[in-house]
Structures are given as structure tokens and as C-alpha cells.
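**Student:** Sequence order for the protein chains is A and B.
Start counting at 1 in the first sequence, then tack on 315, and there's your number in this note's numbering.
Start counting at 1 in the second sequence, then tack on 496, and there's your number in this note's numbering.
These are computed hints drawn from the structure, not numbers from a lab.
Cβ coordinates follow ideal geometry from the N, Cα and C atoms, glycine included.
Incorrect hints may appear among the rest.
[What the hints assert, rightly or not] Not close to chain A: a few residues of chain B, all C-beta gaps over 12 Å, as computed: (1) Gln570; (2) Lys575; (3) Leu583; (4) Thr584; (5) Arg588; (6) Thr599.
[Stated by the list, open to error] Distance windows between CB atoms, simulated: (7) B:Glu538 / A:Asp397: 32 to 40 Å; (8) B:Asp557 / A:Pro424: 36 to 44 Å; (9) B:Asp557 / A:Ala331: 50 to 58 Å.
As a plain string of letters, each chain reads:
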Amino acid sequence: MSLAGEYEAAVAQAMAVAGQGAELLPSALVGACAEVLVVEGAGLSLTQELRVPLSASSAVVATAERLQVTLGEGPCLSATDDGVPLVADLAALTTRWPVFGSELVRQTPFRSVASLPLRRPDGCLLGAVDLYSHDERGDAFADIPALGLEVASLMSQYLTDTSTWLHGDGGPGSVEAGTALDRRLNVWVAVGMVIARTAMTNVDALAVLRAYAFGHDLSLDDLAERVTTRDLEPDALFG
Amino acid sequence: MSFSPVAPGDREPDVSPGSPPPPDGDGSQAQQLLAQLQQRMESLPTIEQAKGIVMGRFGLDAEAAFRLLVRWSQRNNLKLRTVSALLTDAARASAALDDLVDTLQQSGATGVPVVQEGRGEQVLEEEVGR
């Protein structure tokens with residue numbers, strides 16, 4: 316069976332197990348991705364100024380995604396910025412994104428990463444599928460530039476052709492349910508609270524939040540929750 | 497996934513959960529919905545920031561801040577994302593924010609109290625209780 320055929324079969328099987336709920340499509344897509352491409356983890360996000368997480372095949376994939384958003388750097392962000400697929404083994408991770416590389420090693424079992432941008436039929440960037448492997452040399456990703464593109468293209472097609480997943484919350488099988496999306500959007504609320512206090516630009520306010528989060532071993536999403544629930548006053552960010 | 501309610505002036509074309517999926521092979525409606533979702537995802541950060549500005553300034557919680565934004569949007573006949581963009585722009589200079597908040601409060605209705613620092617809850621109660 317061709318790779319595309321295998322992937323379609325894996326998605327169909329995941330959807331059948333999930334009970335046909337179209338809202339479970341993002342989690343079916345990432346699950347099938349991890350299975351067919353033989354990687355240890357996969358995640359799917361929409362491209363925005365702060366990327367919007369749709370689904371992750373495991374909790375540790377969600378951690379790796381939050382780490383990049385918290386630091387504002389990482390291979391998955393670079394792949395989206397450049398609009399081209401990217402594969403990074405451990406050496407590349409620690410050289411090109413040294414802070415992310417060392418944190419990834421500290422917080423997750425992943426040692427190599429690949430990211431494939433997804434595009435709408437009109438060519439606009441839609442999102443990205445991130446792939447994670449335990450292998451330092453990234454051998455699992457050897458064929459990704461060619462094979463992965465086929466899967467990425469199928470994922471784009473599924474997302475574009477089936478609208479009903481837009482209404483779902485990721486479902487019980489998904490680590491990144493609607494709450495992950497809401498938690499990411501909540502970062503912007505925290506940015507607004509900092510702006511109200513400091514008259515900073517939103518870019519600077521986001522940088523302040525990122526610096527505090529990293530300095531206190533928090534994810535940006537967790538810090539935003541503390542600020543917006545007033546567990547932490549914006550003034551404390553400048554202490 | 498869930499979204500905050502949208503002000504009437506801001507309503508996007510309906511994407512209600514009851515809508516039937518498009519037939520296989522015809523992705524045009526789905527593509528349109530996807531483009532709308534992306535557009536919505538682009539304006540949400542501005543609306544969320546404006547919510548944070550109102551929360552930070554008046555000591556409101558997120559829900560109350562959003563209600564006040566919606567109220568301003570309706571009273572001033574501006575889209576929610578427009579009011580939000582005005583607030584995020586004005587917030588870069590606190591004097592400009594003062595002026596804008598006064599304007600938003602005063603126009604479109606008579607007898608609406610002007611928001612003052614620390615009076616957010618009270619103003620909101622008067623506003624939404626009408």
C-alpha cells in the first residue's frame with residue numbers, strides 16, 4: 316500500500332474507533348500521522364501570531380509545543396516562518412535553538428523534531444504538523460521531506476474538505492481539546508492586562524510574559540492563567 | 497472548541513453545529529468556512545487583548561470585561577473587533593486611552609455614566625442592567 320493509502324486507512328480506522336465524530340478529525344489526523352510515519356509523537360496547530368493548538372497525540376507532545384510558544388523559538392515556528400518543511404536532529408536543535416534544545420531534552424523524551432507546513436488549496440499557510448522522535452539522529456525523519464509532504468498534503472485536504480471538525484472540541488481522545496485553544500487565546504488577555512498597566516506595545520508585553528514564564532519555569536499558557544485570574548498581578552512581572 | 501459570543505454587528509456567517517457536512521469532493525463550502533475560521537482566529541487576539549486592557553484598567557473579571565466591550569460595540573455601532581482595535585491602539589498612550597473610553601461611554605446613549613478608574617463594576621452594572 317502506498318503511504319497515502321496507509322495514511323487514509325489509519326485516519327479511517329481512527330475515525331471509526333472515535334465513533335465517526337467529525338469534530339475528532341484533528342486528533343484522528345495526528346494519531347494516524349504518528350502511526351504511519353513511525354514517529355513517537357505528532358501535533359497539529361493553526362498558524363497565527365501565537366500558534367493555535369488543535370490536537371496532540373500525547374501530553375508530552377503538548378508540552379513540546381507549549382515550550383516553543385513560551386520561548387518564542389523552535390523548529391516548528393521556524394518551519395512556519397519559512398513556509399518549508401524542516402527536520403532537526405539533536406545537534407541541529409541544540410545549535411540553532413539552544414534554549415529550546417536544552418529545555419526539550421530536560422522536559423521531554425524527544426531528541427529530534429520535524430515540522431511540515433500545511434497549506435490551503437489557494438496556497439495560504441493553514442497550519443503545521445509537528446513530528447517528534449526519540450532518536451537523536453532523526454533517522455525516523457530521513458524520508459520526511461518526501462514522504463511527509465504527501466501526508467501533509469492529505470491532512471490539508473482533510474481539514475479543508477471537512478468543515479464539521481471546526482465545531483468540535485477535540486473530543487475525549489484528544490489531549491489538546493478546546494481548552495488548549497482557549498488557554499492559548501488567554502495569553503492575549505494577559506498581554507492586554509500588561510498593556511493597560513504599562514502602555515507597552517503588545518510585542519513588548521508578550522516578551523515580558525515570555526521572559527517571566529521562562530524564568531519561573533512556567534508555560535506561557537500557565538502564566539497567562541495566573542495573570543488573568545489575578546493570582547499574579549501584572550506589576551509582579553516587573554519585580 | 498468554544499468561542500466567546502460575538503456582538504450583533506460582528507456576526508460572521510453562520511457555522512452552526514447543525515449544518516450538514518458538504519458532500520464528498522465538494523470542498524468549496526468547507527473551504528469558505530475554513531477561511532472564516534482563520535479570519536476569526538486573526539481578530540480574536542485583538543479582542544482578547546482589549547478584554548485584558550479593560551480588565552486591567554477597571555478591575556473587572558474576563559466575563560464582565562467582555563460584556564462591557566460588547567456594550568460599547570453596540571452603543572457606538574462599531575464592530576467588536578473595531579472597538580477592540582481602537583482600545584489596543586489607544587492603550588499605548590494612557591491619555592489617548594482615557595479620551596477613547598470617555599467617548600465610547602458617552603456616545604450612542606444619554607445618561608450613560610462615564611467610566612472612572614476603579615468604578616468599572618459599578619458602571620458595568622448600570623450599563624448592562626439597563
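**Student:** List in ascending order the numbers of the hints, as given earlier, that are violated by the structure.
**Tutor:** 3, 4, 5, 7, 9
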